[in-house]
Structures are given as C-alpha cells and as structure tokens.
Amino acid sequence: MNQFQQALLMLVTTPVVPAAIGGLIWGILGGATPGISASITMALLLPFTYTLEPMPAIVMLATCYIGAEYGGSIPAILIRTPGTNASAAVILDGYEMNRQGRAGEALGISLWSGVVGGLFGLTMLIMLTEPLSRLALLFKPTTYFGLGILGLSVIASLSSKSLLKGLAAATLGMMVATIGTDPVSGVSRFTFGSPDLLEGIAPLFIMVGLYAVTELMTRTGVVTTIAKPFASIRVRLPRFSMMKKIARSQAVGCAIGTVEGLMPGAGGTVASFIAYNEAKRWSKHPEKFGHGSEEGVAAPETANNTVASTALIPLLSFGIPGSNSAAVLLGGLLIHGLLPGPRLFEQNTDVVTGLYVGSFVADISQVLVGSLILPVCVWLVNRPKPYRTGFIFALILSGVYTVHMSMFDIGIVLTAGTLGYFMKYFGLPFLPAVLGVVLGGLVESNYRRSLVLSGGDPRIFLEDPIAILFLGLAVLILVGSLFNEWRVAAKARKAGVA
Amino acid sequence: MRKDLVASMGLLVIAAVYYAATLTIQQSTLEDEIGPTGLPIVLAALLAIIAVVIGARAFMTAPAVPVSDSDKDPEAPWPRAVGILLIGWLYLPVASIVGYPLALVTMLVAVALYEGMKPSVRMFVVAIGGAAFFWLLFEVVLGVRQPEGILF
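Quick note, the sequences are listed as chains E and R, same order. Just so you know, the numbering used here puts 88 at position 88 of the first sequence, and the rest follows in order with no gaps. Just so you know, the numbering used here puts 94 at position 94 of the second sequence, and the rest follows in order with no gaps.
It is worth saying that the hints were derived from the structure and are not from the lab. Wrong hints could be hidden among the right ones.
In silico DSS-like cross-links for lysine-lysine, where the CA-CA straight-line distance does not exceed 25 angstroms [claimed, not checked]:
#, chain 1, residue 1, chain 2, residue 2
1, E, LYS424, R, LYS118
2, E, LYS491, R, LYS118
3, E, LYS385, E, LYS161
4, E, LYS385, E, LYS424
5, E, LYS288, E, LYS244
6, E, LYS494, R, LYS118
7, R, LYS118, E, LYS385
8, E, LYS161, E, LYS494
9, E, LYS284, E, LYS244
10, E, LYS161, R, LYS3
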C-alpha cells in the first residue's frame, strides 16, 4: 500500500480528523486571545496531549500551530492588538480595512491566505523533509554531537541581538537538562534527595513555565486599551476577482514563508513583515499599502501560515526546531518517545502520515471552522483582562497537574516562569534555553558515547567528516555573529562621537 | 547597561551555586572517562566566562542614550509580577486543604482582584462558573483526577 492510500485510509480509520479539527479550534481560540502567542497556545495544549496516542497528539499540536496563525489576525484586525507576534504585520492594513467598514472582508482574505499559505507550506514540508532526513542515516554519535552543538550555536546567535545572552540562555537550558539520573553511570545529579527529580525535568514543564507563566507575570496589571469592542461580525470570503487580485502578494508570502521557515530563529514574525514589504515592492498599487490594501493583509497572512508548515522541515529532518512553536512541537514528540530524523519516517510512519493528513485537513477546513467559531473569538476578545488572566492561569495549573498528578510539577512550572521573567527582563532569549533543555541530553550522551568508542581519544571527532562540517559551521556562525555584533557596536560608537 | 551588569552578577551566582552543587555529585564505579560531573563543570565554567564577558562589556560601554519605549509592549514591574506568581504558589496549599474546585474559585477571585477588578457578585459568579467548567472538563470529560483536599 503506498503512502497516498495509507493517508486516505487514515482519514476514516483513525482519529486524525477530530484531532486536526480539535487542534485547529484550540489554536484559533488561543491565537485570538490577545497576549497568547502561537507557542503559548501550543504549550497550554501540551499537557492535554500527554494522555493521547502519539499520532493524534502530534496532529493536535501541529494543527494548533496552524489555527493560532489565523486566530492571531482576528484581534489584529478587530481591535488593533495582534493575537500573536506573527500577526502584527496584519494590523497595518487589516485594521485600516476594519476602520473602513471592511472587517469581514479583511478576515475573509486572512482566512483564504491562510489556506493558500498552509497548503503551499505543507507541499514543501512533504517534498523536502524525507529526503533531508535520509542524510541523518549517515550520522554517528560524533555527528549527533556536532549537530547538537551546531543547533545550539545557530539558535543562540540568531534568537537575540546579543550572542552572549543567547549562549547564556543555552547554557542555562543545558544546566537544567543535567538534573536527574546520569544516563551513563546512573548517578543522580542535582536531585537533592528528591525522588521527583530522579527522572529529570521534562522539557514540557520548562516550556509551559517559560512561555505561559512568564507571559502572565509580564502582563499582570498592564492595562490594554481595546480600540472598539465588537458586537458581531461575519467573515466575507474573497470572490474570484479578489482572489486574482491578491494572488501575486500570496505568491510573495509563500516564497518568503518557505525561506524563513527553513531558517532557524526567523519564524513567522520576521516572515510576515518581510512578506509585507516585498509584496508592497512587487505590487501594482504600492501606494495603497497602509491604507487598507487587501494585498497588505494577504502577504503577511500567507507568509506566517507557510511558516507554520515549513518550520517543521528542520525539526522533523534533524530535530532542530527553528522557532518557539516548533520547539513546543518537539516537546510533544519527545513526550511520546518519538525522535525526529530518518527513524521517525521508518518506524513511525503513522505519525508522519498523520501529521501530513492532519495538516491538510486543518488547512482545508480552516475556512469553515474559522468562519463558524468567529463569534466565540469575538466574545473572547471582548472579555475583561482579569477574567482572561485567571482562566489561563487555571488552565496552566490544571493542565500541568494532569501529566503526573503531581503538585511538584506545578512548582517546577512556576519556578520556570520565575526564571523566564528574569530572563525576559535581562534580555535573555527563551528559544536557546528550551533547545538547551531538549538537546542537552543528546549532546552529552553522544559526546560521552563517542569517547567510550574511541577509548577516550578525542581525535574520533576529526575522523567524522560530517561532524567536522557541523562543528566548523558552528564555529563560523559564532565568530561571524561576534564580528557582526562588534561591527554594530563600533558603528553606534562612531555615530555617538559624531 | 546597568541591567547587563546585574544580569552578569546573577549569572555568576548561578554558575557558582551550580558548581558547588556539582561537587556534591557522588562518584560511581560505572563512570566513563568524562564522568557525571564532566559536563556540569564545563557548563559552570562556560556560564561564568559568559557572565564575566557580559559584565566587562557593560562596564566598558558608555551608558546608552535612553530610547523611547513607545514601540515596546508595556510590561509589569517585578513586584507586581511576583504577586501573580504568589497566587500560583498559594494555590498549592489551598488545593491540598480545600480541594480543586474551591481552590480554583479562590484563585480566580484572587487574580481578578489582583488585576484591579472591583469585588462584585458578577465576579464571584464568573469564578464559580469557571471553576465548575474546569472541574467538568478535567474530572468528567477527560476523566483526569485533580488535587483532593483534606476537607473536601
């Protein structure tokens, strides 16, 4: 039976459709709630997926990502407050269309662009992931060590303006990863006699703490001014003539979304702003941008929905998440004992096929589901912030408890939230820390395994050309990043003197 | 730059505490060449070096010209942020005493008050309704037990 037949069979014999729709609804609702980004929406869903089978769990998380990207544009268009960071670019023209009495039209264009971007991104995902993952068949422990170091270096240098702060965050994450039983000798490390820490700290709790609890702490007491509460609104999907009109900007969004999705650290936010600028440059009517241009809504929406799929390419191929949301999905994979790479495609074909089928179902059904639950989203957008904060907190506390039915886990999440608050305050990025927690074990165990194989001779790393390539690239990236930082600082000093 | 100096000191403290904890790790007869303390020592040293460089850079750089915060999202000052966290920590003993539904009502009311809402009947109704919703979702629909209290 080929993969296409397997996919068709999956639609009727497995819970892929309800999982995809469930994840999509959760994502749209989370994305539509101001202050809840796509990664937070996914992190809040993570504890619920713990009790599910691997395939529906991963499908729910992936489709939640898709839903959150559309959901984020709802408050962006209606109340000039982006639901997610990636939807900030939609405000420029989406809110302007709303002011002109065309909010339904803007939401329709946003939905349609989400479908186009999502399907294009999914095609790229299917075409590129498996061939890339085959490369990983050549990997040895030395290669995995090199890959881990490369992943950490790339994310540390790209996710913050300061390489040092990125590296500090990655180191903190790796420190957390060392808590628990040592994988080689079985000795307990940093457990302080607590049996709860013997198995280590699950990345899931760090993610919920860093992304969700930190956000609650940062936003508490902050008054957000809502432009104008909405009573009701209906989505107006674009007609054929409008589809033709926005096709060029959607093509720009697809191209930018593919490139940015593949690049670690870039993510949907960068993609949507670049797509907006490029669509303006390529448009026949650039003067309309910023004044309620339909193309100005279509380009960023297409781009961030393309990223929702293409960001999974480096994740599924090599286990390197390029964005916060992809890192949460990696957490979901690890919870179920699934390791990204070629073995995932060989041993867990149901999960991979389910992910593709689920994403396809979510992309297609986005128009219907998005239109139907819009009143709920509008209701959510209009809720007073104190209630929203309380309900999100309740969801975190209840959801985390369900994982091991342990109050200790809630304590870990609150502690991670505190750490996250101070990291945010001092400008330390989260993604390298999360990656440090996730990759810490992989880096350490493969380094030690390599040395065991060579009888303690470190020259084993020089005998593996792919490891040399990865480690060389890591050094180049770190040096390049340091040089770039130094150049920017020197320029700023010069400007200050002048 | 003052922030970076404080961050540098904070990171140095973390590195020192982590290193001190590393020294308490027991030896094992199954140890390989690196041992269970190998990576932790490297990490402690790495974090200390990064902290020193961040601090030195902050010390040597001239104070930055204050930039307008108009484009930056407003953030809560740390004492306020600690308050919401305390509500979360208090949930743990409260839930152990009065059980999940009542602890949730208390938490929802506390958060609403802390966020500046004036006490009202509506607030309590929303909190009770919210707690009932979560209880139904977790205990009945998902079948997942939530904390049981000594009293209820």
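| query | Hint numbers the structure violates, sorted upward? | reply | Violated hints (numbers, rising): 1, 2, 3 and 6; every other hint is consistent with the structure.
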